[in-house]
Amino acid sequence: SLPAAWREALLALTDAELARLPVDLPVRDDWPATLQRLVRISRRSCALSSPLPREAEADPPSRWLFAQTPRVRNMNLKKAHEVAALAPLVAQTARRCGATAVVDLGSGLGYLGGAS
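Using our numbering, read the sequence shown as starting at 1 and increasing by one per residue.
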């Protein structure tokens with residue numbers, strides 16, 4: 001689970017600040033050292049070194065997106081929509097960075113990982 005000190009620091013951010021966190025929000029001195037380190041290391045990985053494309057600019061989802069997705073039968077319509085919208089962005093970002101693998105932390109049942 002998320003450390004309590006991280007939760008406190010992240011809940012203090014506005015929605016706009018949270019959106020900037022992976023890219024350019026200044027790391028704050030009052031954040032836990034482990035959170036500061038994670039943010040700095042993540043930014044160096046290049047995956048989100050520039051803003052994500054708008055949904056309209058992302059690659060369209062493949063009509064075969066869910067063909068190989070495990071547990072697709074258990075996916076409700078809302079979750080299917082979320083995965084269909086996010087999977088192409090994840091794939092596009094991974095290709096842009098030359099990544100051969102994507103680690104999805106806190107993915108719940110792993111729908112996105114199975115579809116990307």
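By construction, these hints were calculated from the structure, which means they are not laboratory data. A portion of the hints provided could be inaccurate.
[Unchecked claim] Each pair of labels, with its calculated beta carbon distance range:
#1 Arg-37 to Ala-84: 32 to 40 Å
#2 Ser-42 to Arg-95: 13 to 21 Å
#3 Arg-40 to Ala-99: 28 to 36 Å
#4 Lys-79 to Arg-28: 18 to 26 Å
#5 Ser-42 to Ala-12: 31 to 39 Å
#6 Ala-94 to Arg-20: 16 to 24 Å
#7 Arg-96 to Leu-21: 33 to 41 Å
#8 Arg-40 to Val-102: 18 to 26 Å
#9 Ala-94 to Leu-21: 30 to 38 Å
Where is the CB? At the ideal position from N, CA and C, for every residue including glycine.
Here's how the hints hold up against the structure:
no.	hint	verdict
1	Arg-37 to Ala-84: 32 to 40 Å	holds (34 Å)
2	Ser-42 to Arg-95: 13 to 21 Å	holds (19 Å)
3	Arg-40 to Ala-99: 28 to 36 Å	violated (19 Å)
4	Lys-79 to Arg-28: 18 to 26 Å	violated (33 Å)
5	Ser-42 to Ala-12: 31 to 39 Å	violated (19 Å)
6	Ala-94 to Arg-20: 16 to 24 Å	holds (21 Å)
7	Arg-96 to Leu-21: 33 to 41 Å	violated (20 Å)
8	Arg-40 to Val-102: 18 to 26 Å	holds (20 Å)
9	Ala-94 to Leu-21: 30 to 38 Å	violated (20 Å)
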